[in-house]
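A.B. asks: Build out the structure end to end from the sequences listed, making use of the hints.
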Amino acid sequence: MLLSLLLLIPFLGALALILWPGSPSSARLRDVSIVLLVMQCLASFALLLPFDAADAGLQLVEQARWVRAIGLDYALALDGLSLPLVLMNGVLCLVAAISSRTIENRPRVYFALLLVISGAVNGAFLAQNLLLFFLFYELELIPLWLLIAVWGGANRAYAATKFLIVTAVSGVLILGAFLGIAFVTGTMDFSLRPILAGELGMTTQLVLMGALLIGFGIKIPLFPFHTWLPDAHTEASTPVSVLLAGVLLKLGTYGLLRFCLGLFPDAWQVAAPWLAGWAAISVLYGSLAAIAQSDMKRMVAYSSVGHMGYVLLAAAAATPLGLMGALFQMVSHGLISGVLFLVVGVVYAQTGTRDLNVLRGLLNPQRGLPLTGSLMIIGVMASAGIPGMAGFISEFLIFRGSLQPFPLATLLSMVGSGLTAVYFLLLVNRAFFGRLAIAPGEVVNPRILNRVALREQAPAIALSLGVLVLGLAPELLSNLSEAATTGLSLITGDMS
Amino acid sequence: MTVGASSAATVAAAQRFQAAMPDMGASLLATQAMAAPGELLNLSLNASAVLPEAAVLLAMIATLLVDLAGEKVATRWVPPICYIGLGSSLVLLALQWNAPLEPSFLGAFLADNLAVAFRAVIALSTLLSLLISWRYAEKSGTPVGEYAAILLAATLGAMLLCGATDLVSVFISLETLSVASYLLSGYMKRDARSSEAALKYLLVGSAAAAVFLYGSSLLYGLSGSTSLDTIGLALQSSTTPLAALALVFVLATVAFKIAAVPFHQWTPDVYEGSPTPVVAFLSVGSKAAGFALALRILVGCFGAFDDQWKLLFTVLAVLSMTLGNVVALAQTSMKRMLAYSSIGQAGFVMIGMVCGTEDGFAAMVLYMAAYLFMNLGAFACIILFSIRTGSDRISDYAGLYQKDPLITLGLSLCLLSLGGIPPMLGFFGKIYLFFAGWANHQYLLVVVGLVTSVISIYYYISVIKMMVVKEPQEASDVVKAYPDVNWSLMGMQPLRVALIGCVAITAVGGILSNPLFQWANTAVAGTPLLQQAIALSSLKGLG
Numbered sequence: 000m001l002l003s004l005l006l007l008i009p010f011l012g013a014l015a016l017i018l019w020p021g022s023p024s025s026a027r028l029r030d031v032s033i034v035l036l037v038m039q040c041l042a043s044f045a046l047l048l049p050f051d052a053a054d055a056g057l058q059l060v061e062q063a064r065w066v067r068a069i070g071l072d073y074a075l076a077l078d079g080l081s082l083p084l085v086l087m088n089g090v091l092c093l094v095a096a097i098s099s100r101t102i103e104n105r106p107r108v109y110f111a112l113l114l115v116i117s118g119a120v121n122g123a124f125l126a127q128n129l130l131l132f133f134l135f136y137e138l139e140l141i142p143l144w145l146l147i148a149v150w151g152g153a154n155r156a157y158a159a160t161k162f163l164i165v166t167a168v169s170g171v172l173i174l175g176a177f178l179g180i181a182f183v184t185g186t187m188d189f190s191l192r193p194i195l196a197g198e199l200g201m202t203t204q205l206v207l208m209g210a211l212l213i214g215f216g217i218k219i220p221l222f223p224f225h226t227w228l229p230d231a232h233t234e235a236s237t238p239v240s241v242l243l244a245g246v247l248l249k250l251g252t253y254g255l256l257r258f259c260l261g262l263f264p265d266a267w268q269v270a271a272p273w274l275a276g277w278a279a280i281s282v283l284y285g286s287l288a289a290i291a292q293s294d295m296k297r298m299v300a301y302s303s304v305g306h307m308g309y310v311l312l313a314a315a316a317a318t319p320l321g322l323m324g325a326l327f328q329m330v331s332h333g334l335i336s337g338v339l340f341l342v343v344g345v346v347y348a349q350t351g352t353r354d355l356n357v358l359r360g361l362l363n364p365q366r367g368l369p370l371t372g373s374l375m376i377i378g379v380m381a382s383a384g385i386p387g388m389a390g391f392i393s394e395f396l397i398f399r400g401s402l403q404p405f406p407l408a409t410l411l412s413m414v415g416s417g418l419t420a421v422y423f424l425l426l427v428n429r430a431f432f433g434r435l436a437i438a439p440g441e442v443v444n445p446r447i448l449n450r451v452a453l454r455e456q457a458p459a460i461a462l463s464l465g466v467l468v469l470g471l472a473p474e475l476l477s478n479l480s481e482a483a484t485t486g487l488s489l490i491t492g493d494m495s
Numbered sequence: 000m001t002v003g004a005s006s007a008a009t010v011a012a013a014q015r016f017q018a019a020m021p022d023m024g025a026s027l028l029a030t031q032a033m034a035a036p037g038e039l040l041n042l043s044l045n046a047s048a049v050l051p052e053a054a055v056l057l058a059m060i061a062t063l064l065v066d067l068a069g070e071k072v073a074t075r076w077v078p079p080i081c082y083i084g085l086g087s088s089l090v091l092l093a094l095q096w097n098a099p100l101e102p103s104f105l106g107a108f109l110a111d112n113l114a115v116a117f118r119a120v121i122a123l124s125t126l127l128s129l130l131i132s133w134r135y136a137e138k139s140g141t142p143v144g145e146y147a148a149i150l151l152a153a154t155l156g157a158m159l160l161c162g163a164t165d166l167v168s169v170f171i172s173l174e175t176l177s178v179a180s181y182l183l184s185g186y187m188k189r190d191a192r193s194s195e196a197a198l199k200y201l202l203v204g205s206a207a208a209a210v211f212l213y214g215s216s217l218l219y220g221l222s223g224s225t226s227l228d229t230i231g232l233a234l235q236s237s238t239t240p241l242a243a244l245a246l247v248f249v250l251a252t253v254a255f256k257i258a259a260v261p262f263h264q265w266t267p268d269v270y271e272g273s274p275t276p277v278v279a280f281l282s283v284g285s286k287a288a289g290f291a292l293a294l295r296i297l298v299g300c301f302g303a304f305d306d307q308w309k310l311l312f313t314v315l316a317v318l319s320m321t322l323g324n325v326v327a328l329a330q331t332s333m334k335r336m337l338a339y340s341s342i343g344q345a346g347f348v349m350i351g352m353v354c355g356t357e358d359g360f361a362a363m364v365l366y367m368a369a370y371l372f373m374n375l376g377a378f379a380c381i382i383l384f385s386i387r388t389g390s391d392r393i394s395d396y397a398g399l400y401q402k403d404p405l406i407t408l409g410l411s412l413c414l415l416s417l418g419g420i421p422p423m424l425g426f427f428g429k430i431y432l433f434f435a436g437w438a439n440h441q442y443l444l445v446v447v448g449l450v451t452s453v454i455s456i457y458y459y460i461s462v463i464k465m466m467v468v469k470e471p472q473e474a475s476d477v478v479k480a481y482p483d484v485n486w487s488l489m490g491m492q493p494l495r496v497a498l499i500g501c502v503a504i505t506a507v508g509g510i511l512s513n514p515l516f517q518w519a520n521t522a523v524a525g526t527p528l529l530q531q532a533i534a535l536s537s538l539k540g541l542g
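Protein chains in written order, with numbering that gives the first Met the number 0: chain H, 0 to 495; chain R, 0 to 542.
Treat the hints as calculated values from the structure; they're not laboratory data.
Here a beta-carbon is modelled for each residue, glycine too, at the ideal position from N, C-alpha and C.
Keep in mind that the hints are not guaranteed to be accurate.
Unchecked claim - Where chain H lies over chain R, by a calculated footprint (3+ residues, C-beta under 8 angstroms):
no. : region
1   : 416 to 426
2   : 447 to 455
3   : 492 to 505
C.D. replies: See below:
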């Protein structure tokens, strides 16, 4: 019942917002949705109580028949892989709602869509039936499209449609593979069950897994399927960017672990070297492309491409340590990209630009944005993997876990990790250091930027605290998922 | 003038109907005379099977009578008469559900579950089309009485077609449907496009009817009988090239009726020119009748040519899905876009038919029912929009959300459902079709279906983008001058009921779709014709 609550609260909440009588103000709607998301967040943290971290199997199983004719069951369950992601979804959706202060255009629809997305993502992380997962995976499509298309920037229509079409293609590939899995194995129900070695020819397995890989690769996104992401991020408003990077991309990496690795362990092992190579290319491409950006948001978006590549690398290695690192990276990337997008959002709101060629000296303690700048530096350090932050733990785990099976790909990814420091230093150096100037040549009479109220920074501060806590006490997270990631790994006894 | 011309045509259709009746009786008797004398005695008239049709017929006659009393009386009384007629028809159909099977009219009609299901879809589509037409008819100055009578005549033909099991009864009901449809599409005769539509429809439709007759005559020559059962048996023993020729002719007619590519050319023009409520009926009711006919003839008669017609149907389905969905991308008129989308949707339904499995047929029935609600919901919205603005162009919908949230929400939900987005009804229908197709190894069809679904999402979404995403300052001139919503005008309340009903079922029906799935499965399970085909194909699969 607890798991259903994670769906019921957001979905019924969205309905309540739509049917809310009268014409409530934006602030009122925001308050209501914050209350709902706090409830959802509490419900997801309440999962920690009954959850048994030592058990690698499924817990809190909820099973009910839904549409028997097509093998669609309402089957939800929790394990060490989905729990951290559900928690992160709860936190980031709350952050997104809190930071949606300036929604004056159709706030009712905006907050309802936000709630629908958070419910759909919960559903996708908890679903134990392939079709049910697909249903939730597709359910989040139209709300996010609307969030970008209606509340986005100048070029939003183009970016939103690109996102929609590309993601729809990803959905079709995934559905095709799921149908294939159900019928080729002859089970006809869409329950999750690893395909055994003798059950299916390797070619078939590779074809089905390939369709899934491309489908989720679009969502993650991996090079060369990433082109929708920078556009979507650039046009999306700050809270939507936080959701997109923090939660929705994780659907892809979660799918990679749960369905590609989990259902096709044998085929995965065959494809693993290629996947590691793909990961290294994705990491390097994302990092190099990020260096070339002058728009802060695009830079952060390309850094996502690079950082999600680590997850593929670790998944390819499939060692217990690597998979733990992959999960850690998913969570820490969610928090770190949340901080970065929130800070970029504040900078954009204050200066009206995100262009690194224009921004200078924002860290100026009197007339700049000192707190924002500090938060940006924390986020950047965490992203670059400075020890003491969550990013370091995840990158260390991933590289340690994958070095043995794939030394070359890991070394290349490490280079990519070094490049993260390069482009983020460029960002901080250009935008935050130096003399404050709004436009080139305006140094003589610099404008004084407004103070940003502390409460507007609160979400970013909370997320940075999370990054620090996870960096200093990684066992908080690793204890939860160790059993699950070890159970998923293909190579045992490498926990050194 | 209009009254005279149309009534005359209706009468002509009715005369044609009556004139054909003795022929059918005679030919039946002739056929049966060859069988053992005892068998003929066993075949009773069993006229109760067509009681639902009788209800429609009575409503039609009552409508015509009321129409004699003048336009005012007609406007007052025609709607309730139609509701009662179609409502009681639906109740009678419900009573026939799962009833013991007895062929009626000496084997010319069979009320199996398949027939009941498709007749219910047709009767419901007429009911909904009528609900959304009153205001439209009033506004365009069309006499309500005869419009309703002709639509009921078309319904009568379509419903009889679903249960017809004899070439003669098939042809008569097909023609009743077609002639009434020609009249309907040309009903706004002051509009040149409507006349053009009617003429095109008449010419192409007559050619299709002639082709069907030729095919039927070949079948009669091959088997010496007009009964579909007997023909099916005869074809099994003689798979001659002549029979294949007959198959091609019959298939062309079926393809014409369901508007499958390349027999679709009439659709966009007819849809664009015809009165919108008529298009609503043509795109659902008429299409459902076409699919029922396809099942009766292709599955029932051409069992021996299983591979051949399935191959042809596969080609038709691939072409329909591809062309329908791709060409729809380029449309600027809402009705034309829905015309091409309906071609694509028919292609999806054909997947189920090609499968020939229990799930395949059930998915077909289910998708037809889902299509009924989502398509008529969409039509209710565009009729409401055109009543208020007189426009049908997609670009005129820009910024509608602010002026008319009901149309925006309703049309968005229906279009998302047509595009197969969860959790709408259309998603479940489409998944079931793909599920059945994949289970039957129709990989090509399923892959084409999946790919074209993505394409279809694009054009459905672009309408939603117009309505929802455009800001008030970007709104079209039509929307800027949008009249105030006034529900008290005559015919507006029924329109609202139909719109909200369709949209609600489309939106919630998916989540609660279990009864609908059971209904579709029972429809297939209670139809001996389909069961035989399923048994045959599974035997083939084993062998």
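A.B. asks: Does each hint hold? Answer for all of them.
C.D. replies: Okay, the hints, checked on the actual structure:
Interface restraint, the region 416 to 426 of chain R with chain H: holds (4 residues with C-beta to C-beta distance below 8 angstroms; minimum three). Residue count for the region 447 to 455 of chain R with a Cβ under 8 angstroms from a Cβ of chain H: 4. That meets the three needed, and the coverage hint holds. Counting residues of the region 492 to 505 of chain R whose beta-carbon sits less than 8 angstroms from any beta-carbon of chain H gives 0, not enough to reach three: the coverage restraint is violated.
In this structure, only the earlier hint numbered 3 is contradicted, and the remaining ones agree with it.
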